[in-house]
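Q: Given next are the chains, with one letter for each unit.
Number of protein chains: 2
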Amino acid sequence: MSSQTPHPTLLIPGPIEFDDAVLQSMAHYAESHVGPGFVKTFGETLTLVRKLFQSTSPTAQPFVISGSGTLGWDVVASNLIEKGEDALVLHTGYFADSFATCLETYGANATQLKAPIGERPSFEEIEQALKEKSYKIITITHVDTSTGVLSDIKRVAEIVRRVSPDTLVVVDGVCSVGCEEIAFDAWDLDVVLTASQKAIGCPPGLSILMMSGRAIDRFKSRKTPPASYYSSIANWLPIMQNYENLKPSYFATPPTQLVHALHTTLSQITSRPLAERFAIHSQASDRVKAAVAEIGLKQLASKPEDQAHAMTAIWLPEGLAPPDVLPGLLKRGVIFAGGLHKEAATKYIRFGHMGVSVTDPARKDVDNAIAALKEVVIEAKQAKGL
Amino acid sequence: MSSQTPHPTLLIPGPIEFDDAVLQSMAHYAESHVGPGFVKTFGETLTLVRKLFQSTSPTAQPFVISGSGTLGWDVVASNLIEKGEDALVLHTGYFADSFATCLETYGANATQLKAPIGERPSFEEIEQALKEKSYKIITITHVDTSTGVLSDIKRVAEIVRRVSPDTLVVVDGVCSVGCEEIAFDAWDLDVVLTASQKAIGCPPGLSILMMSGRAIDRFKSRKTPPASYYSSIANWLPIMQNYENLKPSYFATPPTQLVHALHTTLSQITSRPLAERFAIHSQASDRVKAAVAEIGLKQLASKPEDQAHAMTAIWLPEGLAPPDVLPGLLKRGVIFAGGLHKEAATKYIRFGHMGVSVTDPARKDVDNAIAALKEVVIEAKQAKGL
Numbered sequence: 001m002s003s004q005t006p007h008p009t010l011l012i013p014g015p016i017e018f019d020d021a022v023l024q025s026m027a028h029y030a031e032s033h034v035g036p037g038f039v040k041t042f043g044e045t046l047t048l049v050r051k052l053f054q055s056t057s058p059t060a061q062p063f064v065i066s067g068s069g070t071l072g073w074d075v076v077a078s079n080l081i082e083k084g085e086d087a088l089v090l091h092t093g094y095f096a097d098s099f100a101t102c103l104e105t106y107g108a109n110a111t112q113l114k115a116p117i118g119e120r121p122s123f124e125e126i127e128q129a130l131k132e133k134s135y136k137i138i139t140i141t142h143v144d145t146s147t148g149v150l151s152d153i154k155r156v157a158e159i160v161r162r163v164s165p166d167t168l169v170v171v172d173g174v175c176s177v178g179c180e181e182i183a184f185d186a187w188d189l190d191v192v193l194t195a196s197q198k199a200i201g202c203p204p205g206l207s208i209l210m211m212s213g214r215a216i217d218r219f220k221s222r223k224t225p226p227a228s229y230y231s232s233i234a235n236w237l238p239i240m241q242n243y244e245n246l247k248p249s250y251f252a253t254p255p256t257q258l259v260h261a262l263h264t265t266l267s268q269i270t271s272r273p274l275a276e277r278f279a280i281h282s283q284a285s286d287r288v289k290a291a292v293a294e295i296g297l298k299q300l301a302s303k304p305e306d307q308a309h310a311m312t313a314i315w316l317p318e319g320l321a322p323p324d325v326l327p328g329l330l331k332r333g334v335i336f337a338g339g340l341h342k343e344a345a346t347k348y349i350r351f352g353h354m355g356v357s358v359t360d361p362a363r364k365d366v367d368n369a370i371a372a373l374k375e376v377v378i379e380a381k382q383a384k385g386l
Numbered sequence: 001m002s003s004q005t006p007h008p009t010l011l012i013p014g015p016i017e018f019d020d021a022v023l024q025s026m027a028h029y030a031e032s033h034v035g036p037g038f039v040k041t042f043g044e045t046l047t048l049v050r051k052l053f054q055s056t057s058p059t060a061q062p063f064v065i066s067g068s069g070t071l072g073w074d075v076v077a078s079n080l081i082e083k084g085e086d087a088l089v090l091h092t093g094y095f096a097d098s099f100a101t102c103l104e105t106y107g108a109n110a111t112q113l114k115a116p117i118g119e120r121p122s123f124e125e126i127e128q129a130l131k132e133k134s135y136k137i138i139t140i141t142h143v144d145t146s147t148g149v150l151s152d153i154k155r156v157a158e159i160v161r162r163v164s165p166d167t168l169v170v171v172d173g174v175c176s177v178g179c180e181e182i183a184f185d186a187w188d189l190d191v192v193l194t195a196s197q198k199a200i201g202c203p204p205g206l207s208i209l210m211m212s213g214r215a216i217d218r219f220k221s222r223k224t225p226p227a228s229y230y231s232s233i234a235n236w237l238p239i240m241q242n243y244e245n246l247k248p249s250y251f252a253t254p255p256t257q258l259v260h261a262l263h264t265t266l267s268q269i270t271s272r273p274l275a276e277r278f279a280i281h282s283q284a285s286d287r288v289k290a291a292v293a294e295i296g297l298k299q300l301a302s303k304p305e306d307q308a309h310a311m312t313a314i315w316l317p318e319g320l321a322p323p324d325v326l327p328g329l330l331k332r333g334v335i336f337a338g339g340l341h342k343e344a345a346t347k348y349i350r351f352g353h354m355g356v357s358v359t360d361p362a363r364k365d366v367d368n369a370i371a372a373l374k375e376v377v378i379e380a381k382q383a384k385g386l
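Line order of the protein sequences matches chains A and B.
Start counting the first sequence at 1; every next residue gets the next number (the UniProt record's numbering).
Start counting the second sequence at 1; every next residue gets the next number (the UniProt record's numbering).
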């Protein structure tokens, strides 16, 4: 039984519903950011981030920084590529456009490899692009929150290592870390950037990154200084290393309460096999996708292998827009999100199914949401005479 | 009676002790960042930031962004000055060095006007410097957290307007906003940047800025695009304007729980006259400074008019270092901070006296800390045979 004030169930693709213990950690009493208690909490949290990424490589480095997930793009763009260098951006929705803009802000040339809405660039196109030009980094949105399209980052990393081994593989895992499988070392990834408020199950306000030794080496061999101050790896690397070694250290005041909440949720997540967590998300996703088909609706991600397991982006019936269905869902205690992809935002809705809403067997969030969606679509069609 | 777990009293210059209601806001249940409930909370919070700065100018603009206070420097350096332009940095401690480094990261030329530790540049030196070169911005650390030196930002702004009227007056108010008087419009300031975790009394994780219409116009007339993505005013300005107009808007997910906590603390702060709040901090500061003198210790800020009202940086007796006194203070339930100024860090301690520790009449935090300090200094001197 949750101790939280009764409220509609938040089933958007982040922020998500919180576990009680995580929320209680947010209300932790005041601590010095350089005192032994908090230093231990932060140090352990960084070690838990390694576990979350299934990484044991001593040269890999986790970062936990005060900021939104967006900040992770700046960390990449201002540290791992230099002015005039080339980045290949695989486009599966809204977030690739933004990442490309961020890269260009810091002077990189971003070449986008685009796919139609709901699809992803093919492996052949990716291989071809990598052969045509020498890219310093390739960026992949693991799950694009605007479309629900899942990318096969393991396979892309394999192609990169074979065709262009020096290209850093950068994964935007904001909507995937904590629910989609990621084997950071085994798949030979260089960066996974994410945020606290999606499948990790922590409130928003933390930018979280995992970097390979190769990425750190690339940073260290820059010809020019980092192009940002707050996002500079030069400023953060010693801080992260010191905290994990339980030494207090100061660059900017860490968000102590959010770090406590992250510690709590990562302790919960890593207390059970990650494979089990991924399987639970996969099963819940299958249930949602089957129900969507049963209602007669289609997903933006048309092919099953391209469909994310933590969210479903659903085309509304012709003639309906998000304002025709979201209020009816809210009346039934469920909050979904509207569309986000700029070419189609008014034509679809997004259903997030991750974290405690799927892992806590006492919660019926997904079943309730499916039932509500069925009723609301019928109701909305009737109201519009469709 | 606080509902918080018993803990030592945190009296460092931020983070500080929290009010129970503020901490409870940190544990707010999950909400959509674009749902009407949170949009209202965020919109009202921005309006409360205006009140905090005593600003009624419709062209002035508050910003509340996920990040540490440090991020505010990037916002200034990447938006309000361009590559090759000049900034005059008034130096009163550690934080001016860092702000100068941040400005230079984005290509500005930072000229530091330095004062000896514990002092501040004179008005004559400032006027002279402004006459010698055309500076796009001048930066002033209102209270340098490393030294406890207070700057007279009202007087500096007057000099700037008289001598170099187009120079933007940028105040680092991280350790001053909420306890030192700031009349943003009346003093004709252009930027005050601050953070949530000091005298504002909210947990860390929010970068808060107030900008004048003049600063926004300067941004809009840039010849080059903003030099950062996450810190770009181009990205944040429409978001802040939309939220304050109660329209949902998305650039990066805001830290919903921290915004709730900020709303709570700003509602408390602005529910009483700000002049009263400043007076209470001033009185508490006087008590601390008198006690420090009585114990026979000196402050880093030697002149009374240079002394901050929210913190006191105290030279330890010759032969004592922070590790000789901080454990004894902790044993008595009080946490002070060590030194931070790189030239003197091992020779002094810092006592923060702000927020609920001074405004809540039920708390005896300052008196207890003074008593503990007296005992500990005697004890430590005896232990060292001094």
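No wet-lab data here; the hints were simulated from the structure.
Possibly wrong hints are sitting among the right ones.
List time: in silico BS3-like cross-link candidates among lysine-lysine, alpha-carbon distance up to 30 Å [said to hold, decoys possible]:
no., chain 1, residue 1, chain 2, residue 2
1, A, 133, A, 247
2, A, 83, B, 247
3, A, 247, B, 136
4, B, 223, A, 342
5, A, 331, B, 136
6, A, 83, B, 114
7, A, 223, B, 136
8, B, 381, A, 220
9, A, 131, A, 247
10, A, 347, B, 247
11, B, 83, A, 136
12, A, 331, B, 247
In this text the structure is predicted, and so the values were computed from the model without any measurement.
Q: Now tell me, hint by hint, if it's right for this structure.
A: Hint by hint, here is what the structure shows:
Using a Cα cut-off of 30 Å, the hinted pair residue 133/A and residue 247/A is violated, with the two alpha carbons roughly 44 Å apart. With a C-alpha separation of about 37 Å, the suggested pair residue 83/A and residue 247/B falls outside the 30 Å cut-off, and the hint is violated. The straight-line distance between the Cα atoms of residue 247/A and residue 136/B is roughly 40 Å, outside the 30 Å bound, and the hint therefore fails. A distance of roughly 28 Å separates the Cα atoms of residue 223/B and residue 342/A; the hinted pair therefore holds under the 30 Å criterion.
A C-alpha spacing of about 54 Å is found between residue 331/A and residue 136/B, which places the hinted pair above 30 Å, so the restraint is violated. With a C-alpha separation of about 34 Å, the suggested pair residue 83/A and residue 114/B falls outside the 30 Å cut-off, and the hint is violated. A C-alpha spacing of about 29 Å is found between residue 223/A and residue 136/B, which places the hinted pair at or below 30 Å, so the restraint holds. Distance restraint check for residue 381/B and residue 220/A: the Cα-Cα separation of roughly 46 Å exceeds the 30 Å cut-off, and the hinted pair is therefore not satisfied.
The straight-line distance between the Cα atoms of residue 131/A and residue 247/A is roughly 45 Å, outside the 30 Å bound, and the hint therefore fails. Distance restraint check for residue 347/A and residue 247/B: the Cα-Cα separation of roughly 20 Å lies within the 30 Å cut-off, and the hinted pair is therefore satisfied. For the given pair, residue 83/B sits about 26 Å from residue 136/A by alpha-carbon distance, which is consistent with the 30 Å threshold. Restraint check: the Cα-Cα separation between residue 331/A and residue 247/B comes to about 21 Å, which is no more than 30 Å; the hinted pair holds.
Hint compliance for this structure: hints 1, 2, 3, 5, 6, 8, 9 are broken, all remaining hints hold.
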